[in-house]
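Trainee: Okay, here's what each chain looks like letter by letter:
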Amino acid sequence: MDKEKLTKKIKKLSRFTFYAMFFYCILNCCDIWPDNVKRHNVHMDINDMPLWKGILSIAAIFFLVVGVVGAFISAMKTMSYLSKGRTPFTKKIANRVRDLGIYFIVMEIACNALVFIGSGKIEPDLFWLAGLVLYAFSVVFRYGAKLQKESDETL
Amino acid sequence: MSRSNVEAKIKESSLAIMIISLIGAALTACAGFYQLLSDTERISDDYVKKMMLKTALSNIICSVILIIAAAIFYRIAKNARPFTNGNITAIRIIALLFLINAVLPSIIVGMYLGFAKISIIGSGSIFNAALCFFFGEILRYGNLLQTESDETL
Chain L
1 MDKEKLTKKI KKLSRFTFYA MFFYCILNCC DIWPDNVKRH NVHMDINDMP
51 LWKGILSIAA IFFLVVGVVG AFISAMKTMS YLSKGRTPFT KKIANRVRDL
101 GIYFIVMEIA CNALVFIGSG KIEPDLFWLA GLVLYAFSVV FRYGAKLQKE
151 SDETL
Chain G
1001 MSRSNVEAKI KESSLAIMII SLIGAALTAC AGFYQLLSDT ERISDDYVKK
1051 MMLKTALSNI ICSVILIIAA AIFYRIAKNA RPFTNGNITA IRIIALLFLI
1101 NAVLPSIIVG MYLGFAKISI IGSGSIFNAA LCFFFGEILR YGNLLQTESD
1151 ETL
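Chains L and G supply the protein sequences, listed in that same order.
Every letter in the first sequence is one number past the one before it in this note's numbering, and letter 26, counting from 1, is 26.
In short: position in the second sequence from 1, add 1000, done, that's this note's numbering.
So here's chain L without its partners, still in its complex pose:
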């Protein structure tokens, strides 16, 4: 398959992923997606809690919301850019993939901190690994951007 065809395919796939993510977000917001994702129920009573725990919980909730919203917006922006751009390898995309990885790690740390404050247990998910993998792939995208620049200069 030549480069043009592959670019078209990538554009189509990213457009499809963009709409799928949007649809997935709406279904999740309405809580009607039949998922088997692990759910945490954390019960906390502000009256029984020391001040430092309360402050930490509020900070963890803040970072959790920032992580989830940031990851979602970053992923949507990346897909939107990929569906419009000429090539997937640009510095902008590399930075967005790196940001996505950072948001994933923030999300995981905040979620675990909240669960730990509420229940005294630590239940790590694989989001931290996904975050690290995305960070590594952001460097791969940077390498791709260098190759793209070389290719453009040759033409």
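All the given hints hold, so there is nothing to weed out.
Pairs of lysine to any residue residues, derived as SDA-like cross-links and limited to a Cα-Cα distance of at most 25 Å, are as follows:
{"hint": "1", "chain 1": "L", "residue 1": "LYS11", "chain 2": "L", "residue 2": "LYS91"}
{"hint": "2", "chain 1": "L", "residue 1": "LYS91", "chain 2": "G", "residue 2": "THR1084"}
{"hint": "3", "chain 1": "L", "residue 1": "LYS91", "chain 2": "G", "residue 2": "LEU1131"}
{"hint": "4", "chain 1": "L", "residue 1": "LYS12", "chain 2": "G", "residue 2": "PHE1135"}
{"hint": "5", "chain 1": "L", "residue 1": "LYS84", "chain 2": "L", "residue 2": "GLY70"}
{"hint": "6", "chain 1": "L", "residue 1": "LYS91", "chain 2": "G", "residue 2": "GLU1012"}
Since the hints were made in silico from the structure, they are not lab data.
Once you have looked at the hints, place chain G on chain L.
Mentor: Showing chain G alone in chain L's frame:
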């Protein structure tokens, strides 16, 4: 950042991720086999037993995924070349395993418990599979650029 700097960074980060993936794979496999081989006779609830089986199967598939991911990062760390045919195939295998993870454990447990009691498809895994497949296509594009660059040089 020059190309050699980027290559050095790729090597470093890939090596770190490879080690973390291998540790993750070992832990996940241990958890999966422990759940699979543990004495479930003490548990009276059939639903809980079968859900444990589902989690065990899912953990074992996840550990295989992590081993393949570690192999990809090992190759990248070795050559500093992420866009190779081998990596594209490996990413596609990971996508396929995510699809299997989304469906197979649920179907096996569903055969025992009935499909009304459990969600048949794990949407998270399907989403991961789609992302891996999509990423495979981006790697293919990168592979074309890499071939062009090698031919020019």
